[in-house]
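Peer 1: Chain by chain, the residues:
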Amino acid sequence: MTEVTELMRPEGEALDTKEVLLNLGPQHPSTHGVLRLVLELDGEYVARVDPHIGYLHRGTEKLAESFTYTQIFPLTDRLDYVCPPSNNLAFALAVEKLLGIEAPIRSQYIRVMMAELARISGHLLITGALPMDLGAMTALLYAMREREMIMDLMEMITGARMHTSFCRVGGVREDLPDGSIAKIREFCDIFPNRIRDYERLIEGNRVFMKRTEGIGVISAEDGIDLGISGPNLRASGVDWDIRRDEPYEVYDRLDFKVITRTEGDCYARWQCRVEEMRESVRIIEQCLDQMPEGPFQIDMPTIAFPMDKDRVHCSMEALIQHFDLSAYGFKVPKGEVYSAIEAPKGELGFYIISDGSEKPFRMKVRAPSFVNLQALFGVSNARYLADMIAVLGSLDPVMAEVDK
Amino acid sequence: MSVDASVISTLIAERFGEAIEDIGVSLGVHAFAVPPDRIVEFCRFLKEHPALRFDFLSDICGVDHYPEAPRYEAVYHLYSLPNKWRIRIKCRLGDPPRVPTVTGVWRTANWHEREAWDMYGIRFEGHPDLRRIYMWEGFEGFPQRKDFPLRGYKDELNPFGAEGPAPNQPDLATKDIPSGGRTTPER
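Chains A and G are the protein sequences, given in the same order. When the letters of the first sequence are read in order and numbered with this note's numbering, they come out as residues 1 to 404. When the letters of the second sequence are read in order and numbered with this note's numbering, they come out as residues 405 to 591.
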C-alpha cells in the first residue's frame with residue numbers, strides 16, 4: 001500500500017493484536033454514497049485510512065466543455081444533489097461575472113431564498129443521518145418529515161423536487177408562483193420549533209453524545225492546512241463565511257450570524273449545522289420581507305429567454321430569440337473567472353476559462369466535499385473503527401460532489 | 405481591490421523581481437505567472453509573508469491549451485483568511501508537463517494534484533502519493549486532455565467510443581511519462 005497519513009495510536013497498549021485490512025464500502029450505508037475506505041486495523045483501532053473515490057465520476061468538467069452555458073445548469077444540479085439551487089447559483093454567478101451583468105434584484109432575492117432553502121434541506125439530511133449512522137434512527141425520520149416540506153416547496157416553485165435547474169444566467173427561470181410565498185412563510189413559522197425538537201431529541205441521547213463529543217477533533221490550523229471549509233471549518237473556530245466576507249447577491253442587505261464553535265469535534269460540526277438552519281430561516285424571512293416587485297430575469301434578448309412564454313407562440317421575434325438561445329446558446333467574452341459561494345458544504349467555486357465561444361473552454365469545479373473528505377487524514381482522537389463512522393458522517397461528504 | 409492589488413504586486417516585485425510576471429487583476433482576482441521551478445518558493449512566500457498570509461489553498465486546476473504551446477497549465481487559487489484576498493497563480497508547463505508539488509506547503513494540495521495528474525497527466529514531482537484518483541488503476545490515457553475523445557476509446561466495454569490507436573500508457577511503476585501521453589492527431 002502506498003503512503004497514507006498515520007492516525008494517532010493509543011498509548012499503553014497491552015493486548016497482542018494483528019493488523020487487518022478492512023474494506024469499508026463502496027456499498028455501505030454509513031459511507032453516504034459510494035465511498036470505499038481501505039482501513040488498516042490494529043485490533044479495533046484504525047492505524048491507517050486510505051479513501052478510494054471515483055465510483056460516481058461522471059466527468060462533469062469534461063462534459064461541460066461540449067455544452068452551452070445554459071445546458072450546464074442540469075449538470076451542476078447533479079453535483080451536490082442534496083441542495084441543487086446552491087450549485088446553480090454558483091455557476092450562474094460565475095458566468096454573470098464573465099459577461100459583466102447582474103441579475104435583477106428580485107431574482108437575486110429569489111435565488112438567495114432558494115439557496116437557503118437548499119441549505120436547510122442539506123443540513124437536515126446530515127443532522128438526521130449522523131445520528132442514524134451512530135444507531136439513533138428516529139432523528140432521520142423526523143428530519144425527513146421536514147425535508148419533505150422543502151421538497152414540496154421546491155416542487156411548487158420549480159416543478160421539480162430535486163434537480164431544480166431553476167437559475168438562469170441573468171435571473172431565474174420563472175417568477176414565484178401564486179401562493180408560494182404564503183407556503184414558505186408557513187414553513188418558516190413551523191420550522192424553528194422543529195429544530196428545538198431535534199436538539200432535545202439528540203442532546204438527551206447519551207449514546208450519541210458519547211460517540212461525538214471530543215471525537216474526531218480537527219484543530220483550526222489543521223483545518224486550514226487541509227483546505228476544509230464551511231461548517232466543518234467553522235466548528236473548529238475559524239470565523240469565515242463567504243456570504244459575509246465576500247458578499248454576493250443580496251447577502252450584504254441581510255442580517256445573519258456566522259455560527260462558530262471552538263471544539264472542532266464531531267458534535268461541534270453537528271451543532272454548527274443545526275444553528276445554521278436557524279439562521280437560514282431568518283434569511284428566508286428577510287428575503288420575503290424585502291423582496292421587491294420587478295422582473296425575474298435580465299432584459300437582454302441575447303442572453304435571456306423571453307420572459308413571457310406566451311410571446312414565443314405569437315411573436316416572430318420572441319420565437320427566433322427562444323430558438324436561437326436554445327439551439328446555439330450565447331457567446332461569452334474571452335476571459336477567466338473564479339467565483340466562489342458559501343454552499344451548504346463549504347466553498348463551492350467555479351473556475352471558468354472562456355475562449356469567446358458559446359461553450360466554456362475549461363470549467364473547474366472546486367467541490368467542497370472533495371476537499372472536506374481529505375480531512376479524514378487530519379483528525380485526531382478518532383482511534384476506533386466506530387469513531388471513523390462518526391467522523392465521516394460529521395464531515396458530511398456528498399459523494400456525487402466528491403466524484404464530480 | 406485596487407489598493408490590495410498594488411500591495412501584493414509591490415511585495416512580490418521586491419522579493420522576486422522579474423521572475424514573476426504580474427498578469428493584472430481580472431474580474432476581482434489578481435493573477436501572476438510563475439515559472440514552474442519557483443512555484444514552491446513563491447507559494448511559501450505568499451503563505452508565510454506577514455502582510456499577505458495566503459494561508460488557504462482553494463484549488464489547483466489543470467488546463468490543456470491544445471494546440472497552443474506551451475500546452476499545459478497548472479492554475480492555483482489562493483485565499484487569505486485574515487485579509488480576505490484572492491490570488492491566482494498560473495504556471496505554464498511544456499510537454500510532458502512537470503511541476504514541483506506544493507504538498508509541503510499545504511496538505512490539501514495532495515488530492516488536488518492527484519486529480520490534475522489523473523485528468524491531465526501533470527506530474528507533480530515530489531508528491532508523496534501520486535496515484536489516479538477518479539479513474540481506476542490501469543486506466544489508459546488522461547481523459548480531460550483536449551485530444552481525448554468525449555466518449556473515450558472503443559473497446560469491449562465501450563462500443564460507442566472513438567476509434568483510435570492504443571494510448572501511450574504512462575509507466576505507473578516508474579512514474580515515467582512518455583512524451584505527450586497519447587500521440588496527438590494532426591489537425
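Mixed in with the good hints there might be a few duds.
What the hints assert, rightly or not - List time: in silico DSS-like cross-link candidates among lysine-lysine, alpha-carbon distance up to 27 angstroms:
no., chain 1, residue 1, chain 2, residue 2
1, A, 359, A, 183
2, G, 550, A, 62
3, A, 334, A, 359
4, G, 494, A, 62
5, A, 62, G, 558
Claimed, not checked - If you want the footprint, here are the derived chain A segments under chain G, 3+ residues with CB under 8 angstroms:
no., segment
6, 31-37
7, 217-226
8, 308-321
The set of hints was computed from the structure by calculation and includes no laboratory data. Where is the CB? At the ideal position from N, CA and C, for every residue including glycine.
Peer 1: Against each hint, give a clear statement of whether it holds in the structure.
Peer 2: We went through each hint and held it up to the structure:
no. : hint            : in the structure
1   : A:359 <-> A:183 : violated (38 angstroms)
2   : G:550 <-> A:62  : holds (9 angstroms)
3   : A:334 <-> A:359 : holds (11 angstroms)
4   : G:494 <-> A:62  : holds (21 angstroms)
5   : A:62 <-> G:558  : holds (18 angstroms)
6   : 31-37           : violated (count 0)
7   : 217-226         : holds (count 3)
8   : 308-321         : violated (count 0)
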